[in-house]
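Chain by chain, the residues:
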Amino acid sequence: MAKTLLLFLFLSIALISFGQKKYSINGTIKDGTTGEQLIGATIRIKELPQSGTVTNSYGFYSIYAPEGDYILLFTYTGYEPVEQKISLHQNQEVNIPLQVKSDLKEVVIRANAPNNDNIASPQLGVEKLNMAQINQVPVLLGERDILKTLSLLPGVKSSGEGNTGFYVRGGGADQNLILLDEATVYNASHFFGFFSTFNSDAIKDVSLYKGGMPAEYGGRLSSVLDIKMNEGNNQNYTVQGGLGLISSRIKVEGPLVKDKGSFMVSARRTYIDFFLKASSDSTIRGSSIYFYDLNTKANYHFDDKNAIYLSGYFGKDVLSLKNTFGTNWGNSTGTIRFNHLFNSRLFSNTSLVYSNYNYVIESFLNNEGFKATSKITDVNLKEDLSYTLGDNHTVKFGVNLLHHTIAPGDITAPESSSFNNIHVEERYGYETAAYISDEWKASNHLTLLYGLRLSTIFLLGSGTFDTYDADGNVTSSKTYTSGQLVKSYTHLEPRFSASYVLDDANSLKFSYNRNTQNIHLLTNSTSNTPTDLYVMSTNNIKPEIADQLSTGWFKNFLDNNYELSAEVYYKWLQNQIDYKDGAQLLVNQGVESQLVYGAGRSYGLELFLKKKYGRFNGWIGYTLSRTERKFPDINNDQYYPATQDRTHDISVVGIYQYNKRWTFSANFVYGTGNAVTYPTGKYNVGGLTTYSYSERNGYRMPSNNRLDIGATLEGKQHKKYHSSWTFGIYNVYAHRNPYTITFRDSKTVPNTTEAVETSIFATMIPSVTWNFKF
Amino acid sequence: MRLTKLKYYSGLLLIAMVVLSCKKVISLDLGNDSGKLVIEANITDESGPQYVKLSRNAPFTSTNTYPPVTGANVTIYDSTANLYFDMVENSAGTYSVNKGVGVLGHTYFLTVNTGGQTYNARSIMPQHVAMDSVATSSNLLDKTDNKRMMTVYFNDPAGVKNQYRFVMYVNKVQVNYIFAFDDQFIDGKHVTLDLQQSEKDIFPGDTVRVEMQNIDRPVYTYWFTLEQQQGNNPGGAVAPSNPPTNIAPSVLGYFSAHTTQSITVVAK
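The listed protein sequences derive, respectively, from chains A and B.
The first sequence begins at 1 in our numbering and counts up one residue at a time.
The second sequence begins at 1 in our numbering and counts up one residue at a time.
Residues from chain B that face chain A, not an exhaustive set, calculated with beta carbons under 8 Å: (1) L30; (2) P59; (3) Q184; (4) K189; (5) V191; (6) L193; (7) N242.
Everything labelled a hint here was simulated from the structure, so no lab data went into it.
Please read all numbers here as calculations on a predicted model, not as lab measurements.
Glycine included, each C-beta is placed from N, C-alpha and C at the ideal position.
Produce the complete structure using the sequences and hints provided.
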């Protein structure tokens, strides 16, 4: 099947080479004020209604047309549309700066109709959020957060109250590929998941692919969250920041060389620990708890054809209890990218990406001192090319070579300590991939996006590799030398999406894609913890595989002001991982003996109604879904609901611009409770009440719901500076959403047992942030 | 401090920060899967009566009383010494031998015959690792009102796998907490081990008895699984399940041949 597809792909490319003589129009679309390149801006030729393209991640576009006079139409959400006349007699470059819509009036009375890109694009299951919207949605403690806002979209489920972990269409939290300027972010949360590592100030563009993953992405089963950082203003120096309840942030940006290069530095730090210093308790005074993020970026455009981008992220959480223990963890990433335009048809991006996640746990106790460390380091070399073939084919192809080094755990301890020095062998591997895809406007109605991704993992020595049987006993053991191949797996991943446009306002879409995953997260806890452990596919652990089918109907109405979509999906998962009872995952050389393997499936319906424009905008999302897992030793090998199974999920977001200064917002969420295991009996062993269970996840936590509201007050206009206040109330009606339910001997009635529900944030939590810019 | 406890500690700190959390007792509509056989069988290296208790589990909503299983045939067989202990039912559901003693390194087989079904289990009495002493120290995580914590000291033998279980009694009442440890990180060390728990506050003047058991690997897995499921793991405990038993066919409970040593101190 794969071969047929490949043949088809090359044939279709060959065919179009015989098309009529056409010229290209290409260029870069930028924000006229800051010089930031705009991602996903639309370019159309008025005279050719079926034409149209969008800018890539670097703001670059390329479009074809026969010789003639045309009007080009440039549009981008939140920006003034621009029309440009051209006479096309040779290949031509058109670079257009777009201006942000600033005046409220123009938002209401609009000259140009909003576009209907969502109808025509073959891409299914993609969610794009613009930062303006993210900044308006009220959140916990006023910390604007892209991950929390994303969890308000259908098909995306938060992993718990206040938690930034998310599940997409029933996938696990580790099955999301989270990319920050192409670098994998392994642990996207701070403070045990209450805040995300993405400081909104530094973020330019967020895309989440829930299905129909384009072939250029791979390596995770459920979703791709592609986050791009701001480039920095290449026109003027600006400083902006904010003072919030728990953190403050500042961003500085400006031109390195006007019009040619810019930089951006953005930092955020919490300051709860300053309050600890005021405590009367010396232990609390000597303790620390904080996190910080530092985002940096710089770019330089040598000429119209060559540009270089450097970006870096450094974040860390620190938590310590005086003289007792300390822990810290964090990600650091770095990306060097080089853009080169070979000609108006061929665009190239070369990236060298570094990514690291590590944690340290230390005990300072006299006889129990130790330091445990673990880290994962990636170096990734990527080459991505985009080739415009005729006026109806865009071919993307590329390769990447990703090297992993995983140091699962080391313990160092002083001689006087109760602990030994322990070293768990490092693991090394390469993930390689090559892909090709073609977006083909087959007719005015039909657009196809189809491609293939060939992915391979090579697990390499040095080290000793044990093979385990189903009971976790070693059946064989082999030692490999440095660089020697231990095991490799190769997969061909077909990706296919199609859209059929019924008319200007209606389309049907379909997609099928296969994804594989060779980096697996081992954690037997339900929430993000700093001690999350990653392993590669090995002789014991097979690559995880997901196949997803989805189809959807997209409709725009009231002059494209409203978007309505209905998508259904079905996903099959293979080689899913769970743990044996009593598994010990930390610093364990034989960790693979603790694992069991099973299957999963998930299916659902997602409804989404969005009002994109106007003083009042927002959306309503509803998801009806089922997510199940199946393991040989759990529930007699029958499918059972996964923890993240959520039958109903509703989110409503509304933003209302009352006048030039006041904007109000609200969001409401409702969801079926997590699937959990409750006792169905009790007995006594070891002198203690012990509970007996009959099935995994046979019960439900109570449903949860919450309303948050927010308001933004823009300061009066000043020539030199601008300020604003953001107010928020989280959990307005103080709903007690259950966090955990535990069982214990009753504290009031002797000789009986009781169930205890714990809620966090069981009260309304107000917040205020002051923002400035000059 | 234990590595596996760190998540718990950091979670506690977090919860302490989030003072907005609240707890309440709720009523849940729980299923009833009661009447299942529970076998709790122990043989220790302490000369005296050895007990096997047979009962049935009860619904969550009823009182903590468990119907005894009477009229069963129960034997413990020392296969190393080829010696049978015939267990006699002295009180309903409790089967015992008055004078029995387990021997270090010996392998024991349990046979229970009840309701037309025979249940078998095997457990090996480990070598004895002795506690040196038990001391009182300041509670690591909660120093309010001068709360204390018990710390035990012992030498873990190098090069062998050891598993330990501790049982704590404060003023003769058993503390509702399971302490199960292995020597993965402490092999061959002079060990200082804090028995940190938040179920029962200990204050100076309290009489505390600490029992140390050396247990075999399957019994350790049984207790460690239960320990991981204890309800006070904030931020999500592991999915609970019946711990893997060493009795076949599978029932609730375990058979443990273990050493026992107790030290009683007055908390300072």
